[in-house]
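A.B. asks: If you read the sequences in order, they're chains G and R. Residue 1 is where the first sequence starts when you use my numbering, and the numbers rise one by one after that. Residue 1 is where the second sequence starts when you use my numbering, and the numbers rise one by one after that.
Keep in mind that the hints were calculated from the coordinates and are not lab data. It should be emphasised that the depicted structure is a prediction, and the values quoted were computed from it without experimental measurement. The C-beta atom is built at its ideal place from N, Cα and C for all residues, glycine as well. Fair warning: there could be bad hints in the mix.
[To be verified] If you want the footprint, here are the derived chain G segments under chain R, 3+ residues with CB under 8 angstroms: (1) 10-21; (2) 85-98; (3) 165-173; (4) 180-188; (5) 272-284.
[Stated by the list, open to error] Stretch-level coverage of chain G by chain R, calculated; a stretch enters the list once three of its residues show a Cβ under 8 angstroms from a Cβ in chain R: (6) 139-149; (7) 206-214.
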Amino acid sequence: VTDRLERLTNLVATLLDTRRSLTLEEIVEVVPGYPDDKVSYRRQFERDKETLRGIGIPVRLESLDGLGPEQGYRIPPEEYYLPSLDLTPDEQAALHVAVTAVRLEGGPAPTEALWKLGGREGEAAHALAALPTVPALPALFDAYRTRSTVTFSYRGAARHVDPWGILFRRGHWYVVGHDHDRGERRSFRVDRIDGDVDAGPPGAFEPPARLEPGAVLGDEPWRYGEEDVVVARVLVDASRAAAVIEQVGEPAVGERRADGSVVIELPITNTAAFRSFVLDLLDAAEVVGPPELRAEMVAWLDRIARGAA
Amino acid sequence: VSPRPLAGSRLRRVLALVPWIAEHPGAALADIADRFGVSAVELEHDLELLPLCGLPPYTPDRLIEVEIVDGHVWIRFAEYFDRPLRLSSEEGLALLAAGRALLAVPGSDDHGALATALEKLAGALGATEGLAVEVGEPVHLDALRQAADAHERVEIDYYSFGRDATTTREIDLRSVFHAFGHWYAAAYCRQAEDERLFRVDRIRRVRPTGDHFDPPARDEAHFGDTVYHPRSDDPRVTLELDPEATWVVESYPSEEAEERRDGSWRVVLAVSERAWLERLLLDLGPAARVLAPPELRSVGAEAANRLMARYRQ
Numbered sequence: 001v002t003d004r005l006e007r008l009t010n011l012v013a014t015l016l017d018t019r020r021s022l023t024l025e026e027i028v029e030v031v032p033g034y035p036d037d038k039v040s041y042r043r044q045f046e047r048d049k050e051t052l053r054g055i056g057i058p059v060r061l062e063s064l065d066g067l068g069p070e071q072g073y074r075i076p077p078e079e080y081y082l083p084s085l086d087l088t089p090d091e092q093a094a095l096h097v098a099v100t101a102v103r104l105e106g107g108p109a110p111t112e113a114l115w116k117l118g119g120r121e122g123e124a125a126h127a128l129a130a131l132p133t134v135p136a137l138p139a140l141f142d143a144y145r146t147r148s149t150v151t152f153s154y155r156g157a158a159r160h161v162d163p164w165g166i167l168f169r170r171g172h173w174y175v176v177g178h179d180h181d182r183g184e185r186r187s188f189r190v191d192r193i194d195g196d197v198d199a200g201p202p203g204a205f206e207p208p209a210r211l212e213p214g215a216v217l218g219d220e221p222w223r224y225g226e227e228d229v230v231v232a233r234v235l236v237d238a239s240r241a242a243a244v245i246e247q248v249g250e251p252a253v254g255e256r257r258a259d260g261s262v263v264i265e266l267p268i269t270n271t272a273a274f275r276s277f278v279l280d281l282l283d284a285a286e287v288v289g290p291p292e293l294r295a296e297m298v299a300w301l302d303r304i305a306r307g308a309a
Numbered sequence: 001v002s003p004r005p006l007a008g009s010r011l012r013r014v015l016a017l018v019p020w021i022a023e024h025p026g027a028a029l030a031d032i033a034d035r036f037g038v039s040a041v042e043l044e045h046d047l048e049l050l051p052l053c054g055l056p057p058y059t060p061d062r063l064i065e066v067e068i069v070d071g072h073v074w075i076r077f078a079e080y081f082d083r084p085l086r087l088s089s090e091e092g093l094a095l096l097a098a099g100r101a102l103l104a105v106p107g108s109d110d111h112g113a114l115a116t117a118l119e120k121l122a123g124a125l126g127a128t129e130g131l132a133v134e135v136g137e138p139v140h141l142d143a144l145r146q147a148a149d150a151h152e153r154v155e156i157d158y159y160s161f162g163r164d165a166t167t168t169r170e171i172d173l174r175s176v177f178h179a180f181g182h183w184y185a186a187a188y189c190r191q192a193e194d195e196r197l198f199r200v201d202r203i204r205r206v207r208p209t210g211d212h213f214d215p216p217a218r219d220e221a222h223f224g225d226t227v228y229h230p231r232s233d234d235p236r237v238t239l240e241l242d243p244e245a246t247w248v249v250e251s252y253p254s255e256e257a258e259e260r261r262d263g264s265w266r267v268v269l270a271v272s273e274r275a276w277l278e279r280l281l282l283d284l285g286p287a288a289r290v291l292a293p294p295e296l297r298s299v300g301a302e303a304a305n306r307l308m309a310r311y312r313q
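Construct all of the structure, not just a fragment, from the sequences and the given hints.
C.D. replies: Printed below as a string of structure tokens:
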């Protein structure tokens, strides 16, 4: 009896080496270890094919002559092989340090990626950082790499976006790009995407040259939205003034008062994010203007106050 | 019938081993085992398998040749395996993100081996500019990392977000790490006489004390434990969340999280400080309700009333 690993290794070699795709019958004929019975060898091959695809091997089903209905399998070499990276031992060691120092929570263990890059070089590092992963992230990364327009559901609406780049900031992943529906550049929090990301054909767009995703996103959550710009004025007590100025920057300070408190001025396009920012300061902050924004905050607090009464 | 996972993961190893050995003729078995993290026996099994593999019609000239002499190995006639399998999206993303994150840590060498390795990797993945990782650079990060490495006791002024108050403490730093988008310092606090976790961006000042401390035996699991597992004696709160507040489930370690058919959630979270819960409830507004315990049911309303007092003046 042929060992399954042996059969799989032979199957990969055969499908990689062949110039034209091979029919199922041809495959079970030449690769040792398949049963004679049609139902059994079909089932066996299906399982093997799923195993290969499961570890990322591109087993393609193609028309035998490019035209006719008869189909066969092969592994296109250009899709299989890792391009030569020519990493020096120092560079391999640096990547080894990186994947042991920084863990992607919920992502694949780095072991197998390192195998492909030539195994572990040098020493592992102590854990230094953990980044979260979110389900939609690999699909978006792929679409960015292949320049495919993606479709996904975000805040209850379908969006069509050219993903120019992906950014991790303050604990969240964002995708930035051109939003076809709005006709503008936009950013989206990846963990707030509902369901699957569907990618269109590759090569659909070209991102702007020298794009920095961080610059597209901007630095402040209250600017991530799509509302008309309102300049909010927030009074921050002395106890939190220094920390808030460190966060929003000195130019945002509109007024310094004798008791050490400050009034900061923020242009906002996302009221909900602005509200979170102010409420995080609890008793140490107050929206002082414009009146509509102040009234909105009072209404919000009032709802909460009455909600649980 | 699902494929046995064992064959898949061994196959991955074989497909990576063969190109490497072919490229390094005469490599020592012990080095290979070490490099690929396998035992000598496992490696032997993998190598025993290969001479049975090759291309149809599996005549001797079509089979992979493995030669082992005095603990060194040569592989020939495996041209179709002369390169490893490309990286999957997940693997490419994980490598690149980890590397970019480490490069973003203050004090990293922008032109060192990691930077050049990432350039090559990003080029091969077609992802040169579009994946950026920011880890932030709080003012006192460097001072704290140095103090941790040198086992120097420091005094800090710390703004406790949970309690909305600033205190001064002497601490012995255990580790400094980044998680959930923030830098944390895990330390023994001499005032609390216990291990504490401090957000580095809330440390307002760091002063050396001139004293050193004896570091405890290094505990690898330390950082994960401190960040992800709330203290067992913290009170628990049960929240009902509308679908738009699902991010709470993803952002905080919950002890129980149950999604209902209508997309709403019932979650149990640990509450270390009342102010933390106040902020969460104020932020969520009508999208969240406290189900239990009874004494926490009015936390949101009380906080909202208190804040509204400012607006009534």
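A.B. asks: Taking the hints in turn, state whether each one holds.
C.D. replies: A quick look at each hint next to the structure:
Residue count for the region 10-21 of chain G with a Cβ under 8 angstroms from a Cβ of chain R: 6. That meets the three needed, and the coverage hint holds. For the region 85-98 of chain G, the stated coverage by chain R is satisfied: 12 residues place a CB nearer than 8 angstroms to a CB of that chain, which reaches the threshold of 3. For a cut-off of 8 angstroms, the count of residues in the region 165-173 of chain G with a CB near a CB of chain R stands at 8, and the three-residue condition holds. Residue count for the region 180-188 of chain G with a Cβ under 8 angstroms from a Cβ of chain R: 0. That is fewer than the three needed, and the coverage hint is violated.
Proximity of the region 272-284 of chain G to chain R, defined as three or more residues with a beta carbon under 8 angstroms from a beta carbon of that chain, is established by the 7 residues found. With a threshold of 8 angstroms between beta carbons, the proposed coverage of the region 139-149 of chain G by chain R holds, since 6 of its residues qualify and at least three are required. Under a criterion of three residues with beta carbons nearer than 8 angstroms to beta carbons of chain R, the stated coverage of the region 206-214 of chain G is upheld, 6 such residues being counted.
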